[in-house]
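Below are the chains, spelled out letter by letter.
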Amino acid sequence: MLRTADSLLSLVGNTPLVELPRISPSPSVRIYAKLEGQNPSGSIKDRVAKAMIEAAEASGELEPGRRLLEPTSGNTGIALALVAKLKGYPLTCVMPENATEERIRVLRLYGADIVFSPAGEGSNGAVRLALELAERDPSLFMPFQYGNDANPRAHYEGTGAEIADVLDRVDVLVAGLGTGGTLMGAGERLRESFPDIVVAAAEPLPGDPVMGLRSLADGYVPPILDVEKLDRKVLVSNAESIAGLRALLDREGIFGGVSAGAVVHVARTLAAELASSSSDGGVVVTILADAGWKYLSSGFWDAHDVEQSMEKTVWW
Amino acid sequence: MTAVRIPPTLRNEVGGARQVDADGATVRELLGDLAARYPALGSQILEGGDLAPFVNVYLGGEDVRTLDGLDTTVSDGQTLILLPAMAGGAC
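These protein sequence lines map, in sequence, to chains A and B.
Each residue of the first sequence is one higher than the last, beginning at 1 in our numbering.
Each residue of the second sequence is one higher than the last, beginning at 1 in our numbering.
Worth flagging that the hints you see were computed from the coordinates, not collected in a lab.
The beta carbon of each residue, even a glycine, is placed where N, CA and C say it ideally should be.
The reader is advised that the hints may include incorrect statements.
What the hints assert, rightly or not - Derived Cβ-Cβ restraints for the label pairs, each shown as a range:
no.: 1; chain 1: B; residue 1: Pro53; chain 2: A; residue 2: Ser28; range: 34 to 44 Å
no.: 2; chain 1: A; residue 1: Phe255; chain 2: B; residue 2: Arg37; range: 45 to 55 Å
no.: 3; chain 1: A; residue 1: Asp250; chain 2: B; residue 2: Ala40; range: 45 to 55 Å
no.: 4; chain 1: B; residue 1: Asp68; chain 2: A; residue 2: Glu307; range: 26 to 36 Å
no.: 5; chain 1: B; residue 1: Gly42; chain 2: A; residue 2: Val227; range: 19 to 29 Å
no.: 6; chain 1: B; residue 1: Ala36; chain 2: A; residue 2: Glu97; range: 35 to 45 Å
no.: 7; chain 1: A; residue 1: Arg136; chain 2: B; residue 2: Met1; range: 47 to 57 Å
no.: 8; chain 1: B; residue 1: Ala17; chain 2: A; residue 2: Phe255; range: 39 to 49 Å
no.: 9; chain 1: A; residue 1: Arg214; chain 2: B; residue 2: Asp50; range: 22 to 32 Å
no.: 10; chain 1: A; residue 1: Ser10; chain 2: B; residue 2: Ala17; range: 48 to 58 Å
no.: 11; chain 1: B; residue 1: Gly77; chain 2: A; residue 2: Glu307; range: 16 to 26 Å
no.: 12; chain 1: A; residue 1: Pro118; chain 2: B; residue 2: Asp50; range: 50 to 60 Å
no.: 13; chain 1: A; residue 1: Pro90; chain 2: B; residue 2: Arg18; range: 17 to 27 Å
Claimed, not checked - To give a feel for the contact side, a few chain B residues facing chain A, derived at Cβ under 10 Å:
no.: 14; residue: Ala3
no.: 15; residue: Pro7
no.: 16; residue: Gly49
no.: 17; residue: Pro53
no.: 18; residue: Asp63
no.: 19; residue: Leu67
Unchecked claim - Heads up, simulated SDA-like pairs for lysine to any residue below, C-alpha to C-alpha not over 25 Å straight-line:
no.: 20; chain 1: A; residue 1: Lys229; chain 2: B; residue 2: Asp50
no.: 21; chain 1: A; residue 1: Lys229; chain 2: B; residue 2: Ile45
no.: 22; chain 1: A; residue 1: Lys229; chain 2: B; residue 2: Asp21
no.: 23; chain 1: A; residue 1: Lys229; chain 2: B; residue 2: Val55
no.: 24; chain 1: A; residue 1: Lys229; chain 2: B; residue 2: Thr66
no.: 25; chain 1: A; residue 1: Lys87; chain 2: A; residue 2: Pro40
no.: 26; chain 1: A; residue 1: Lys85; chain 2: A; residue 2: Asn14
no.: 27; chain 1: A; residue 1: Lys229; chain 2: A; residue 2: Asp165
no.: 28; chain 1: A; residue 1: Lys229; chain 2: B; residue 2: Gly48
no.: 29; chain 1: A; residue 1: Lys229; chain 2: A; residue 2: Asp218
no.: 30; chain 1: A; residue 1: Lys229; chain 2: B; residue 2: Ala85
no.: 31; chain 1: A; residue 1: Lys229; chain 2: B; residue 2: Pro8
no.: 32; chain 1: A; residue 1: Lys85; chain 2: A; residue 2: Gly65
no.: 33; chain 1: A; residue 1: Lys229; chain 2: B; residue 2: Leu82
no.: 34; chain 1: A; residue 1: Lys85; chain 2: A; residue 2: Ser59
no.: 35; chain 1: A; residue 1: Lys229; chain 2: B; residue 2: Thr26
no.: 36; chain 1: A; residue 1: Lys229; chain 2: B; residue 2: Ile81
no.: 37; chain 1: A; residue 1: Lys229; chain 2: B; residue 2: Glu62
no.: 38; chain 1: A; residue 1: Lys229; chain 2: B; residue 2: Thr73
no.: 39; chain 1: A; residue 1: Lys229; chain 2: B; residue 2: Gly49
no.: 40; chain 1: A; residue 1: Lys229; chain 2: A; residue 2: Val198
Start from the sequences, fold in the hints, and give me the full structure.
Laid out in structure tokens, this is it:
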């Protein structure tokens with residue numbers, strides 16, 4: 001029965017889980033997709049933004065009206081902008097200057113301030129600059145999705161639990177690797193219900209222009225990410241991501257974002273492995289972080305050389 | 001011989017090359033061969049006999065940390081990719 005919601009924030013999570021029979025390389029392996037693009041601001045990051053802010057409110061760390069600051073080149077910023085708007089916090093996002101136009105415009109429409117970090121430093125540059133700004137101005141509150149336990153907890157209590165509630169078998173979980181929150185949280189929850197599960201990360205193979213780190217010392221591993229808890233960590237090229245994205249659209253009618261294409265690419269590979277190694281098939285669950293709308297202005301949809309058209313941007 | 005792709009961050013250490021060849025039956029042997037020929041590279045990617053924390057090494061497109069680490073066996077025709085650890089979460 002349809003009911004009214006008291007706030008958009010109470011509609012975060014409980015996203016649909018749909019089977020993708022036309023994507024699976026074998027009828028013995030069922031692939032499901034959790035459609036996180038159906039969250040209120042359009043991505044999985046609504047779960048994280050809501051959880052981080054509510055945890056900080058509950059602990060007393062975040063007082064009413066205090067300004068939020070977060071390094072993000074898109075979805076987390078938009079999700080925080082929604083939460084901040086409804087709860088009355090001003091927001092500043094630090095993002096690489098080559099973020100897509102849609103993201104910048106949506107953030108500004110929500111009323112967020114944007115500070116740009118150098119394009120060549122990718123997300124690492126945004127993280128570095130945000131940490132510097134927060135250090136200089138203690139009045140700012142930085143939720144910091146890379147190091148905030150509320151991030152994986154949102155996926156343990158939400159994303160993972162929702163999947164465990166509706167499926168009685170899961171052999172493989174595939175999600176995009178960014179902060180690591182989805183894989184750590186949902187992976188841990190699903191491993192409790194399905195101890196033999198393979199938790200697999202789809203990771204972007206960055207183009208040369210976005211690897212402008214001066215040295216390895218400028219590298220970054222999110223504090224919430226424990227690679228030991230991953231069973232597979234697979235690099236996906238931009239061309240493979242777009243092939244996955246197109247297959248998703250052509251065969252299943254799902255208009256996914258770039259990371260969704262990468263996740264589907266890895267899911268099909270692991271589904272084929274499962275079909276050849278398991279006598280009774282299997283179940284692969286994918287988490288599709290967002291839809292394709294925010295990427296429409298990107299040149300890759302019509303580009304002959306996908307790699308060249310995409311190499312100057314960090315996509316997830 | 002195994003092809004090893006070098007990220008921009010580490011190319012100065014190998015004379016500007018995008019890709020170099022290395023010998024070895026395991027990732028440990030491959031990286032040891034590289035370190036012997038390019039000591040400046042070796043000192044960045046290896047730390048106390050293990051992988052340095054901010055370098056990721058992929059064999060056949062998979063992170064060796066989720067395979068058998070430095071003991072991962074290298075097959076003919078596989079490519080080794082070195083990448084700096086980057087913050088994700090763009091999306």
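So which of those numbered hints doesn't the model satisfy? 12, 13, 14, 16, 22, 31
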